[in-house]
Amino acid sequence: GDNVGDVAGMGADLFESYVGAIVSAITLGVIAFDGDRGVLFALMVSAVGILASIIGTMFVKGKEGSNPQKALNMGTYASSAIVMVASFFLSNSILGSLLPFGAIVFGSAVGLIIAKITEIYTSGDYKYVKEIADQSETGAATTIISGLSVGMRSTGYPMVVLAIGIIGAYMIAGYTPNGVDSIKGLYGIALAAVGMLSTAGMTVAVDAYGPISDNAGGIAEMCELPHEVREITDKLDSVGNTTAAIGKGFAIGSAALTALALFASYTQSVGITTINLTDPMVIAGLFIGGMLPFLFSAITMSAVGKAAFSMIEEVRRQFKEMPGIMEGKQKPDYRRCVDISTAAALREMIVPGLLAVVVPLVVGFLLGAEALGGLQAGALVTGVLMAIFMSNAGGAWDNAKKYIEGGSHGGKGSAAHKAAVVGDTVGDPFKDTSGPSINILIKLMTVVSLVFGPMIAKFGGILLSLF
34 GDNVGDVAGM
44 GADLFESYVG
54 AIVSAITLGV
64 IAFDGDRGVL
74 FALMVSAVGI
84 LASIIGTMFV
94 KGKEGSNPQK
104 ALNMGTYASS
114 AIVMVASFFL
124 SNSILGSLLP
134 FGAIVFGSAV
144 GLIIAKITEI
154 YTSGDYKYVK
164 EIADQSETGA
174 ATTIISGLSV
184 GMRSTGYPMV
194 VLAIGIIGAY
204 MIAGYTPNGV
214 DSIKGLYGIA
224 LAAVGMLSTA
234 GMTVAVDAYG
244 PISDNAGGIA
254 EMCELPHEVR
264 EITDKLDSVG
274 NTTAAIGKGF
284 AIGSAALTAL
294 ALFASYTQSV
304 GITTINLTDP
314 MVIAGLFIGG
324 MLPFLFSAIT
334 MSAVGKAAFS
344 MIEEVRRQFK
354 EMPGIMEGKQ
364 KPDYRRCVDI
374 STAAALREMI
384 VPGLLAVVVP
394 LVVGFLLGAE
404 ALGGLQAGAL
414 VTGVLMAIFM
424 SNAGGAWDNA
434 KKYIEGGSHG
444 GKGSAAHKAA
454 VVGDTVGDPF
464 KDTSGPSINI
474 LIKLMTVVSL
484 VFGPMIAKFG
494 GILLSLF
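Going by the numbering used here, the residue at position 356 of the sequence shown is 389; the numbering climbs one at a time, nothing skipped.
Check the hints yourself; a few may be wrong.
Claimed, not checked - Simulated crosslink set (BS3-like; lysine-lysine; CA at most 27 Å straight-line):
1. 451 <-> 268
2. 163 <-> 451
3. 160 <-> 445
4. 149 <-> 268
5. 445 <-> 268
6. 160 <-> 268
7. 339 <-> 353
8. 163 <-> 149
9. 364 <-> 353
10. 160 <-> 103
11. 163 <-> 445
No lab work stands behind these hints: they were computed from the structure.
Modelling step: build the complete structure from the supplied sequences, incorporating the hints.
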């Protein structure tokens, strides 16, 4: 499950964002610059990012007793620095201006800052996770309340950073002596997303550290290796939880920039220059869009509950029918459990998948292109906030449990540990299911809107035509 969710799943999420950012940069680049210069620059930055990620891995060098997080951060910083230096020369040579380079810098900086903020809110080295561990002393209820508080609080700084990054990229890329060129400004936002995602290879590699360390700990426990080995793997696993949370924070930030860039491409494809917020149809679209991430999260959480129930029933059946499992004389049927979770995951994702595709089309064709723009804006705002909140709350709960298992508040088996386990159990669907899935929702809706945009511009607003 760790390998599927935190490696394959995260990789697919970031790859989708990356492709979306490149598509929007290409679309806007054709309009913003004569010829293919805008397109070539975006593609060259992406190509440099691949090389930068490979070189960045060479900077990850840990020493015995050192904090693995610092070594992993060094690789990320090195990759980003290489992209920025290369972008400086590419921007000047291809576009004849350093203004697009400024947008790349803003995007890369936003990614690094959001990653650091996520680390602060989810790592056991900082006060927020320790606060949750302290609250575990008084039971599961206060543990959950504290985790929810940390998750909600963690949305503040990332949103401010995103806002500064969006405004900065727009203003610097669109700057002209006579004011801001809106098309070049929107191209700058797309470039910021490309810059942020250019080191996606390194981000996925850092994120993969979590499942590797977690699996190592599981193997150590199953093989009954000495207690000292498990202590080391627990420390590594705690860092792994933080790297996973950082990866999710990065994915959310990149999804926000990508969705905004795709939204800009959508407005160009349907010929919208402004969206009137006093238009009832636009307001209706905003409300529907704002509701979708909540409905989407509810469906995915319910899916986790159903799959977990089926899994527990199967485990109980095996214990009952195969008594040798408890004595270590008989092997459990692992394959059956994997089949149950896989089938449940595929089955339960049908409705959310249809939701992300059907709702934008229905709103667009019934209420018009402007209303669909409102839907995308509403989903983007609430979706990003929900995703940050859920991912960080889940990561903080997980590391609060790890912090207690490290010997604080009575260690394993204590009342505080039992409360923290409840918090961690609640946090798993937050950080591993609903939080990351919202990224897919907001990006998929903007892609569907962009693809069907010309048709909606021509045939949309059926409801309005009836009156």
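Hint check results:
| no. | hint | result |
| --- | --- | --- |
| 1 | 451 <-> 268 | 19 Å, holds |
| 2 | 163 <-> 451 | 16 Å, holds |
| 3 | 160 <-> 445 | 21 Å, holds |
| 4 | 149 <-> 268 | 19 Å, holds |
| 5 | 445 <-> 268 | 14 Å, holds |
| 6 | 160 <-> 268 | 18 Å, holds |
| 7 | 339 <-> 353 | 21 Å, holds |
| 8 | 163 <-> 149 | 17 Å, holds |
| 9 | 364 <-> 353 | 13 Å, holds |
| 10 | 160 <-> 103 | 18 Å, holds |
| 11 | 163 <-> 445 | 16 Å, holds |
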